[in-house]
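Asker: What follows is each chain in one-letter form.
There are 2 protein chains.
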Amino acid sequence: MRNPHSNGNLPKLDDGRESNGYGDGVILGLDGGATSTVCVCVPFFPYGDRFPEPIPILARAVAGCTNRNSVGETAAKDSLEQVISEALVQSGSDKSHVRGVCLGVSGVNHPSDQEMVESWIRGMFPSHVKVYVQNDAIVALASGTMGKLHGCVLIAGTGCIAYGFDEDGREARASGAGPILGDWGSGYGISAQALTAVIRAHDGRGPETMLTSTILKALGLSSPDELIGWTYADPSWARIAALVPQVVTCAEAGDEISDKILVDAADDLALSVKAVVQRLGLCGKDGTASFPVVMVGGVLNANMKWDIGKEVSKRINKHFPGAQTIIPKVEPAVGAALLAMNFLAVKNDVS
Amino acid sequence: MRNPHSNGNLPKLDDGRESNGYGDGVILGLDGGATSTVCVCVPFFPYGDRFPEPIPILARAVAGCTNRNSVGETAAKDSLEQVISEALVQSGSDKSHVRGVCLGVSGVNHPSDQEMVESWIRGMFPSHVKVYVQNDAIVALASGTMGKLHGCVLIAGTGCIAYGFDEDGREARASGAGPILGDWGSGYGISAQALTAVIRAHDGRGPETMLTSTILKALGLSSPDELIGWTYADPSWARIAALVPQVVTCAEAGDEISDKILVDAADDLALSVKAVVQRLGLCGKDGTASFPVVMVGGVLNANMKWDIGKEVSKRINKHFPGAQTIIPKVEPAVGAALLAMNFLAVKNDVS
Numbered sequence: 001m002r003n004p005h006s007n008g009n010l011p012k013l014d015d016g017r018e019s020n021g022y023g024d025g026v027i028l029g030l031d032g033g034a035t036s037t038v039c040v041c042v043p044f045f046p047y048g049d050r051f052p053e054p055i056p057i058l059a060r061a062v063a064g065c066t067n068r069n070s071v072g073e074t075a076a077k078d079s080l081e082q083v084i085s086e087a088l089v090q091s092g093s094d095k096s097h098v099r100g101v102c103l104g105v106s107g108v109n110h111p112s113d114q115e116m117v118e119s120w121i122r123g124m125f126p127s128h129v130k131v132y133v134q135n136d137a138i139v140a141l142a143s144g145t146m147g148k149l150h151g152c153v154l155i156a157g158t159g160c161i162a163y164g165f166d167e168d169g170r171e172a173r174a175s176g177a178g179p180i181l182g183d184w185g186s187g188y189g190i191s192a193q194a195l196t197a198v199i200r201a202h203d204g205r206g207p208e209t210m211l212t213s214t215i216l217k218a219l220g221l222s223s224p225d226e227l228i229g230w231t232y233a234d235p236s237w238a239r240i241a242a243l244v245p246q247v248v249t250c251a252e253a254g255d256e257i258s259d260k261i262l263v264d265a266a267d268d269l270a271l272s273v274k275a276v277v278q279r280l281g282l283c284g285k286d287g288t289a290s291f292p293v294v295m296v297g298g299v300l301n302a303n304m305k306w307d308i309g310k311e312v313s314k315r316i317n318k319h320f321p322g323a324q325t326i327i328p329k330v331e332p333a334v335g336a337a338l339l340a341m342n343f344l345a346v347k348n349d350v351s
Numbered sequence: 001m002r003n004p005h006s007n008g009n010l011p012k013l014d015d016g017r018e019s020n021g022y023g024d025g026v027i028l029g030l031d032g033g034a035t036s037t038v039c040v041c042v043p044f045f046p047y048g049d050r051f052p053e054p055i056p057i058l059a060r061a062v063a064g065c066t067n068r069n070s071v072g073e074t075a076a077k078d079s080l081e082q083v084i085s086e087a088l089v090q091s092g093s094d095k096s097h098v099r100g101v102c103l104g105v106s107g108v109n110h111p112s113d114q115e116m117v118e119s120w121i122r123g124m125f126p127s128h129v130k131v132y133v134q135n136d137a138i139v140a141l142a143s144g145t146m147g148k149l150h151g152c153v154l155i156a157g158t159g160c161i162a163y164g165f166d167e168d169g170r171e172a173r174a175s176g177a178g179p180i181l182g183d184w185g186s187g188y189g190i191s192a193q194a195l196t197a198v199i200r201a202h203d204g205r206g207p208e209t210m211l212t213s214t215i216l217k218a219l220g221l222s223s224p225d226e227l228i229g230w231t232y233a234d235p236s237w238a239r240i241a242a243l244v245p246q247v248v249t250c251a252e253a254g255d256e257i258s259d260k261i262l263v264d265a266a267d268d269l270a271l272s273v274k275a276v277v278q279r280l281g282l283c284g285k286d287g288t289a290s291f292p293v294v295m296v297g298g299v300l301n302a303n304m305k306w307d308i309g310k311e312v313s314k315r316i317n318k319h320f321p322g323a324q325t326i327i328p329k330v331e332p333a334v335g336a337a338l339l340a341m342n343f344l345a346v347k348n349d350v351s
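Chains as they are written, first to last, in my numbering: chain G, 1 to 351; chain D, 1 to 351.
Bound conformation, chain G alone (with noise of 0.2 Å):
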């Protein structure tokens, strides 16, 4: 195979078994956000139990959504081919080399487009290629877990969502059922608490609060009455969690109530984990067991002073002195084709 990339420095496992010199074919990894989609390119290494740290990323290529609820089915399916034919050209590859593709995508409660996504990309290669479509949380873990399905994946991005597995591939879930059903931790919930702060301010059914000037003026508002209009215009989740960032300053600045929305989302989110962290006895009979918990999401990673990810990891390690936080080093899509690449070791073993 011809490969662009290739500096003769392949990367070596550390127990000395010879790693894939890209002869033992190519995986594809791909996350299918809100509003793009990735697609990696990475070699095949057939011993699931190691990979080399980094994994080399052979390619990347970004297209648009791939999300037929949003763009259509056509412009999806689209979306989808040139993406994936747009990487393996930049990795040399061709569709003959690749051994598995694997799609990280949201929308865990539609399995049907889940099947749909699936059988589109099977079209695209032949039988043999192993193709998965797993939901974004799955994905998630595996980036920061090299792509083993062990331990609990915390994401608070627009939504949140916990999710994990045990040793012996049990999953649990909580939260992730939106905002109406009370996603309190996401930036969607953060940020309506904060505009209902400002609401009750202004009406006289609460304190007086630093995000009423600060909204209105990252909003171009002059008073909180036009809050209302702003809200039902256009009530996508995405517009309202991004005042995630004016909140954290509020609190950064002293404002009592902007502090404790953060505090009860740090609060909900370390709940999650908890909840699921308890179903599948991460934790051991004692307690204090080693699991990775891994956090995603632009409200888990922000990087302010007022660190919402930080009081996380505080409140899951109260509980949970074994946990072991983990920021993933790699992107979701990468996460995706490490995920493939367990999954097709793991077959290999039982073949």
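Be careful, since some hints might not be right.
Straight line, CA to CA, 30 Å or less: simulated DSS-like cross-link-like pairs of lysine-lysine [stated by the list, open to error]: (1) Lys285/G - Lys260/G; (2) Lys318/D - Lys260/G; (3) Lys77/G - Lys95/G; (4) Lys329/D - Lys260/G; (5) Lys310/G - Lys260/G; (6) Lys148/D - Lys260/D; (7) Lys95/D - Lys329/D; (8) Lys217/G - Lys130/G; (9) Lys318/G - Lys260/D.
If you are wondering where the hints come from, they were derived from the structure by calculation, not from laboratory data.
It should be emphasised that the depicted structure is a prediction, and the values quoted were computed from it without experimental measurement.
Given chain G, put chain D in place with the hints provided.
Answerer: Structure of chain D alone, referenced to chain G:
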């Protein structure tokens, strides 16, 4: 004027002044609700300070929704013409007898909608006929105060709002900003918290609650996981708010989670009234002055054993011993007619 309802026993005012023998003309009161429009025709009583109780209803007609955002402009205008004309025919009057028309509509945040509907009604009548389009909270207040705009009204149905006027005509409002902005005492707010409690119990973040079996049974679902799909399949506020009776049933059966949701709702509704009363100084300087609080909507008037309306009244009276809670004896359309009468009477005094 021919009046098929006249039976020779025309109402007399307490102070002996002559009542309207309908020769003074009629008033039309309209209630433009979410699903239907009601129009009542009542005799015009020129003395705005005193109306007979009960106010005689000459006719009552019902038509479809007249909210142009819901049904489109043509259908909205047609329904409006139809319900007005039917009420006039029923009452034995015609447009030449009409002195004033008042329509109560929800959607106080869209003044352009109100102006359009007002211009439609003006176009249906001679130019001397007074036409008023008011938000539904003001009409609801009038339905409890015989048309006088003084005191506070609390509406808690699908949504909730507190609205008030002092003797000088100053207005104040609290809540009414919709579910994203924290109307927690509304039917929607109560139901969303109940659904959240079911999800939290299911994924291990919260205590078990009777709400789980009760709500699943009411919705014909077999697992809390299915609630996510149910909620987002059609997130209309009214559909979710319709779960309030299930919450009340569980609270009456001793479910602590349900009881807490209702206690919080009662606290929040009372807080909205308190905010309005304090901003307008309705309770006087010593806090004991007498003023009406009109209570409207399915959440307040459900007549269950766990009586949310009674709990709200208790809390209001604890703060304001002079508050007189009133459940209106007449429907909103009659409130609209009383309001028109008061507006016309005030205008007569001035001229």
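Asker: For each hint, tell me whether it holds in the structure or not.
Answerer: Status of each hint after checking the structure:
1. Lys285/G - Lys260/G: 34 Å, violated
2. Lys318/D - Lys260/G: 29 Å, holds
3. Lys77/G - Lys95/G: Holds. Lys77/G to Lys95/G sits at ~17 Å (cutoff 30 Å).
4. Lys329/D - Lys260/G: 44 Å, violated
5. Lys310/G - Lys260/G: 16 Å, holds
6. Lys148/D - Lys260/D: 36 Å, violated
7. Lys95/D - Lys329/D: Within the cut-off at roughly 28 Å; holds.
8. Lys217/G - Lys130/G: 51 Å, violated
9. Lys318/G - Lys260/D: 29 Å, holds
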